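Trainee: Below are the chains, spelled out letter by letter.
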Amino acid sequence: MGAPGSPPSGQQAYSTWRLLREALNGNRGWAPVWRDAEPRSEYDVLIIGGGGHGLATAHYLSSVYGIHNVAVLEKSWIGSGNAGRNTTIVRSNYLLPGNIPFYEFSMRLWEGLERDLNYNAMVSQRGVLNLYHSDAQRDAYARRGNAMALHGVDGELLDREALRRMVPYLAYENARFPIKGALLQRRGGTVRHDAVVWGYARAASARGVDVVQRCEVTGFRISNGKVMGVETTRGPIGANKVGVAVAGRSGQVAALAGLRLPIESHVLQAFVSEAVKPVIHHVITFGAGHFYISQSDKGGLVFGGDLDGYNSYAQRGNLPTAEDVCEGAMALMPMVGRARVLRQWGGIMDMTMDGSPIIDRTPIEGLYLNAGWCYGGFKATPASGYAFAHLLATDAPHETAAAYRLDRFAAGRMIDEKGQGPQPNLH
Amino acid sequence: MRLPAGGRIDRARPLAFRFDGRYYSGFAGDTLASALLANGVRLVGRSFKHHRPRGVFTAGPEEPNALVELGRGAERTPNTRATTTELREGLEAFPQNCWPSLRFDLMAVNGLLAPLFAAGFYYKTFMWPSSFWEKVYEPLIRRAAGLGRLSGAPDPGVYDKVHDFCDVLVIGAGPAGLAAALAAGRSGARVILAEEDFELGGRLLGDRAEIAGGSGSAWAASVAGELKTLAETRVLRRTAVFGVYDGGTYGALEQGPAGGVVRCRYRKIVARRCVLASGALERPLVFADNDRPGVMLASAARTYVNRFAAAPGRRAVVFTTSDDGWRTAADLTRAGVAVAAVVDPRSDVGADVTALAGDAERLTGAAVARALGGAALRGVEVAGADGARRVIACDLLAVSGGWSPNLALTAHLGARPVWSAQAQAFAPGATPEGLRVAGAAAGRFTTAEALADGFAAGAEAAEACGFPALRIEAPGAGPEAARWATLRHIANARGKSYLDLQHDVTASDIDLAHREGFRAPEHVKRYTTLGMATDQGRLSSHNGLALLAQANGAAIGEQGPTTHRPPYAPVPIAAFAGAERDGAFRPVRHTPTHAWAERRGAVFVEAGLWLRAQYFPNPGERDWQESVTREVRAVRNGVGFCDVSTLGKIELFGPDVATFLERLYTNAWANLAVGRARYGLMLREDGIVLDDGTTSRLGPEHYVMTTTTANAARVFQHMEFARQVLWPELDVQMVSATDQWAQIAIAGPLARETLARVLDPGFDLSDAAFPYMAAAETTVLAGAPARVFRVSFSGERGYELAAPARLGEALADALMAVGAPFAITPYGVEALGVMRIEKGHPAGPELNGQTTPGDLGLAKLLSRRKDYIGRRLGERPGLTDPDRQTLVGLKPIDRSQRLRAGGHLVREGAPASAAHDEGHVTSTAYSPTLGHSIALALLARGAQRLGERVRIVDPLRGGEVVAEVCAPVFVDPGGERLRG
Amino acid sequence: MAEPGSHLERLPGAAVAWLAARRGQGEALARAMQAAFGLALPDTPRWAAASGRRAVWAGPGQWLIVAAHEPVPGGLAQELAAALTAVLGARAAVSIQSDGRALFRLSGADARETLARLCPIDLHPRAFGPGHAALTRLGQIACCLWQTDDAPTYEIAVPSSYAASAGHAFAAATARLPASRTPP
Amino acid sequence: MRIPCPHCGARALEEFAFLGAADPVRPAPDAPLKDWVDYAYLRDNPAGAHREWWRHAFGCGAWLAVTRDTTTHAILAATSALGGAGPGAGSP
Ligand SMILES: Cc1cc2nc3c(=O)[nH]c(=O)nc-3n(C[C@H](O)[C@H](O)[C@H](O)COP(=O)(O)OP(=O)(O)OC[C@H]3O[C@@H](n4cnc5c(N)ncnc54)[C@H](O)[C@@H]3O)c2cc1C
Ligand SMILES: NC(=O)c1ccc[n+]([C@@H]2O[C@H](COP(=O)([O-])OP(=O)(O)OC[C@H]3O[C@@H](n4cnc5c(N)ncnc54)[C@H](O)[C@@H]3O)[C@@H](O)[C@H]2O)c1
Ligand SMILES: Cc1cc2nc3c(=O)[nH]c(=O)nc-3n(C[C@H](O)[C@H](O)[C@H](O)COP(=O)(O)O)c2cc1C
Ligand SMILES: [Zn+2]
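Residue numbers (this note's numbering), protein chains in the order written: chain A, 1 to 427; chain B, 1 to 980; chain C, 1 to 184; chain D, 1 to 92.
Hints in this document: simulated from the structure, not taken from any laboratory.
There's no promise every hint is true.
To be verified - A short list of chain D residues far from chain A (calculated; beta carbon distances all over 10 Å):
(1) Val25
(2) Pro46
(3) Ala81
As the list claims (entries may be wrong) - Computed list of lysine to any residue pairs in SDA-like fashion (alpha-carbon distance at most 20 Å, straight line):
(4) Lys277/A - Ile392/B
(5) Lys418/A - Asn848/B
(6) Lys135/B - Ala23/A
(7) Lys496/B - Ala23/A
(8) Lys860/B - Ser927/B
(9) Lys180/A - Arg586/B
(10) Lys277/A - Trp624/B
(11) Lys34/D - Thr362/A
(12) Lys34/D - Asp881/B
(13) Lys298/A - Glu134/B
(14) Lys298/A - Ala668/B
(15) Lys860/B - Glu606/B
(16) Lys418/A - Arg142/B
(17) Lys180/A - Trp624/B
(18) Lys891/B - Thr929/B
(19) Lys135/B - Thr362/A
(20) Lys277/A - Val167/A
(21) Lys891/B - Ser927/B
(22) Lys277/A - Phe716/B
Only a predicted model underlies this, so the values are computations on that prediction, with no experimental measurement involved.
Heads up, the beta-carbon is just placed ideally off N, CA and C, and yes, glycines get one too.
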């Protein structure tokens, strides 16, 4: 085990030089980014779910833990789930000791991702601002920022004037809830979400991992309490170990193995505006309403808010939440009023009962679970993949993910950042 | 060029406007695009990536090129479609995404470097060195991308929001929609007809159709006239239905008329039935340099000459794969535009169709291989049936690749469109409940079919709502052919063949994506950005899918189109927000003494939705600290009062209230006597503290509970759940009385004397008659009902007096008057907070949803003799772990140092690191009573560490303080002052 | 046809009491109210009035009793409580709410259009008319509203701490009405 | 989404507050801790019909057990914890 290894030999290396050469050649020499593999009958490890987490798991299994006989099974096209529809924010500004080291580990992996993958996922450390509007909120952010600092994570508490110098366009006057300052994490930012999926798929595929699309897992083969493989829409596939990384579908897939989880599936919406010239240079989160925003490199204002609030697998949003989110926008930064919403979509979130994830073994031998990412799992992608690979390879939790146990609810050791208790739609 | 006659413009109303700094004139009834074309303006914009010169391409909302910045200053609106912008006097528009100017755009070099900038190039480079991404590469990419500019100033527009209800919603007012609205409207149903355009008629406005022997547009006008007479039918022009949502709810956006107060109006329409008559979208053709200004959809060219009397060129070529395209030749010729040729790759075009070309050359079996020209079209290179190439000069090329039903709204709830081989287009799949598609959107492409379908759909919808079904005979319509072929790509070694005009996605990008393994349509979309521009693939989707199918060796129907999402028409962020923005973002709750406190110069602070007096500065006081210190001292030494009406107040009635409270609270309630109050602790079912407060028994079956301000709504809901769902057998009624009472805390050694003077005579306030934790009903201010509670948050002798809210100000005045001899002092929430910290009462920062009763030193309130919410789960090992952090007090060793909330606690001598983090400071205050800073904190095993020293580290803000751990009650731990 | 426009007034002196039936005592309460005040408590979202008092349905088993005035604050509730205790014993719950609710009256041809901007319910005459009541939202504020006549006139009760915001919401909604409306 | 409140009629989503699954039943006080953990934490989370608690928070205040298809949002049934409408229904 150790740092991710050097690029695999099977991979077409990307470089500026290569780009120039191909441009002159009509771009005819480019090879598929990953192999669209046919499933084989047997693997050492099967990963269910070709989202960011599943693919990252495969990448680290092969590049760090030397396990190559791996397949990632994706029911649709890779990245069709939340990896392909999230608002791309990465940060490690967490509060609780169970979370901070994990998300910071993830941040470090993001910082080295391009070199690790030889793929530009556009990790953009533009700074994440969480605004506060009252003294109590400031104190809560101070508590959080100090917790981060004690873990070696960067953070700054800005007062109103410092914030104003950074983002002059907020509604400092005439606000219903005055803007008093912000917790800033400069290393936080955004990452081009689809590129993360493709980059991991490419790297894993080059090391021999089979990325199998249009292959839905429909059942488990379990014998004497041990998993033997899975049933899929493309036939049965055997395996020693099976890792589930299906995000919003966690409850469903677990049910195929007879498990009930501390998870509800909820819809979270996101919105993108028509492209406009750069106006918002950071990630900004409103502290007195449900609204956060960043601007994509293409120019769209990418924003969102809270869950729609009820169990759903429909992968689409409603109007009241759109209104709520846009009200937040117009309370915080009324200069975006004339940007037009271009698209509104939803994703299915695996909301846990304490708002924190699960990376653990299950009561079924050989069956492992990576779930409960709520609406914060994109930023976790590298660390989640790494830690899940570690668990699959060694049967022991990765040190940064040791708290993400399935039995923590029975033990009363919840990791409840928001203090909302067992009501997933409040996390 | 403006045609000398015809069109639906009002030549009596000329309008002056500006584009790109130059003055032009048009007429009422024009769009900005039609007026520009009438003025001979061809170049209107630059594309997103290649910055290629572009002209008007459509006559509708799907326009990819003619996007402008409209207006100046705070009124500037980027990305406005010139094709749907109604011309008005003084309109000012500016080209966007070009620098330094529209004609000479430096970024146009991007076009030359296009092979380098092929789909996905950025994923393969810009990786070295990694710090360059944020500093160099990304800013460059960002600056080049984007379209128009936001003004940067708060949007001054007024946005309206309305809830509408109807029996039948008809979307689109083409022949099908008009017919549907008429059929439903005549039946008496409540009908809303929503049309995106500012005129009703749909294609009837742009085409020379014939209905009932007259012109199509005349028929539309007569229907519009009749609809106006139907009492329950409302016609909403300029209103695009942008989304279909659950439960028959539709989102619509109405543009305010020019000069109106309202910029736009967001309508939420709840309809029992819906007829979607949204028409069809014409498809462009894919050939080299098909983006030159002068290339335009054939139907748009017809619309410009027929509806707007604006000739988009002088000499035209029509390139079509549809029968319908041929009509263009006839209409252009009639309008005086020379038509050089009609080019149709099909060789089986019927004679009735080719006849439409009139004198123009008919080139069937041929194709346009390339458009020529730069900033304007100069001609086309045509590849004949024999393969020979020739150039035909023209400045207008009208293209038609056939039509696709405009079905986006059918897919918003998740239905997938299905391929119709017969229509050579995607057709609606399963439709949302209650919605029927009609007209061209349903594949009934001719006017005659659309009319018949519309009448039937409208009648059916009305009937489904319980109105009589009216079978209306559709009027006859002129002959019309509707047949086309899908043409993929006329490959050409030179020039770029654009699919997505705005995003500059070309046919070769599809090939490249395919080569690199992006083969699912959704992958191709995300890799190339095809269909992700402002038109959302309305123009490019079909052709893109066709090319991809070819590359995949599949039929186009095997792979569905990419997902359609709302909004169908883009909605300004401000429109969704409506009036709920800026200071009106959320309502304000005022306390009963608000105006009084305002007059006394109080400074207010938000507490949830409430505004509360934070402190009452006196003249000459330097800062808030000085005022707060004075207020605290006044209470500790004399008497003060504070409005605590924001605390939640819940009235409980019934014989089973005591049982109910037993189950809600952790402590005992069965034995609370009438006239007594008790402190109670409420948990969530998971054993974590939810809230605390006092509940008083005012009568045998009447209790009143107080909750914290912050948790009032949540606690009420929690209790309603317990009452209705968990224990419906209990006879308990409950109602919120929070707003009914002005509740004033009167505290301090002189509180009793003060209170005695405001209560109506006859109430015995002696400690014997009204001891600590007594509660009673009485009267105040000459007969008004009142409640008195002997409770205290400050630690002083305290009472809370409740009177009807309208008397809040009178009560405050009365207290000031009677308390004058005692120098009575109103105090705000800041002083309240200081005193509660001095007394170690947990509040918001301690009741943070993560603490147990044990953590807060309240384990003694956990009854062992009964069931209550939170009991069993509170017994879990993690919640009873002796290593948990518990509430303690902290005093700085150096008393001059200030403690700050949010600092973390580390054992003396241990390093400041996560491994040694033992807790944090929750609340701090300067204690006027002790004369130094004090704090409450949560510290690991805190209760056992009294007297120990800890470091309070604050790496975030710098500074470190050593403090002594003490019991959390700083003032009067024995509670003597409280009891008097 | 009524004049266009609408008129909003606050009803400051109005009296409100909240009334709820004890478990299983709904019918007894209804009889008692009939006997004591001639009021027929509606059991659906409607109101009934008699001798200057209006009983507005306020949820299952709950009513708001509304009168134009009361002698002292809370007098209406006291009167109710006294009468019901006399008839029923303590078999009903009565809570003083005169100061807990702010009452508005909105009347005139534009009233419906104004409310359409604030309330997510259908107030069209075919769906809602004199005699009807509803518990719903007024913008972001919970409200109880009822229609008293065809003017149309609505009375709207909101928690009194929201009175100023409710007033602003009415004003903002009125300002946004289309300039020229087609008459209903 | 519009939820048919048995007391008030069909109303818009924005009048309601959602709690969660309605099937789990609060165990007896002395039931094994495991039952309590299951009750508070474990969910079927079905893709399809789901019985769940909603409160008509901006309306009549009743808690409603709503059966809803989580894949389509279609409402299949809604009953009130307070029983049917009618005087006295407030106190079952
Ligand atoms: C709107 C929105 C905004 C968000 N914003 C952020 C953000 O800003 N920052 C952040 O950190 N996080 C964010 N998130 C959360 C984040 O996207 C997710 O937590 C994360 O992507 C989940 O991990 P994943 O990528 O592996 O999931 P997914 O991409 O959902 O991967 C799961 C995959 O499993 C597949 N699958 C499911 N069932 C089966 C089966 N039976 N057989 C085979 N395959 C199956 C699915 O098709 C899917 O591709 C957001 C989410 C959404 C929806
Ligand atoms: N012959 C052919 O090949 C052919 C092909 C296609 C269309 N047509 C012509 O199209 C017409 C079809 O009639 P029709 O009524 O079905 O369509 P239409 O195109 O005439 O009318 C559709 C109307 O719906 C409006 N609309 C679309 N989406 C909307 C939305 N979301 N909200 C509000 N308004 C919206 C459009 O602005 C338009 O006015 C006929 O006149 C026919 O001649 C002919
Ligand atoms: C960060 C980000 C930026 C996006 N930008 C655009 C955009 O510019 N144009 C667009 O059409 N869609 C954009 N989308 C939305 C996608 O088109 C798509 O709606 C989303 O990924 C969900 O997928 P689905 O709609 O296919 O279910 C963006 C999505 C994300 C996550
Ligand atoms: Zn209801």
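Trainee: In ascending order, which of the hints set out earlier in this document are inconsistent with the structure?
Mentor: Hint check: 2, 4, 6, 8, 10, 14, 15, 16, 19 and 22 fail, others pass.
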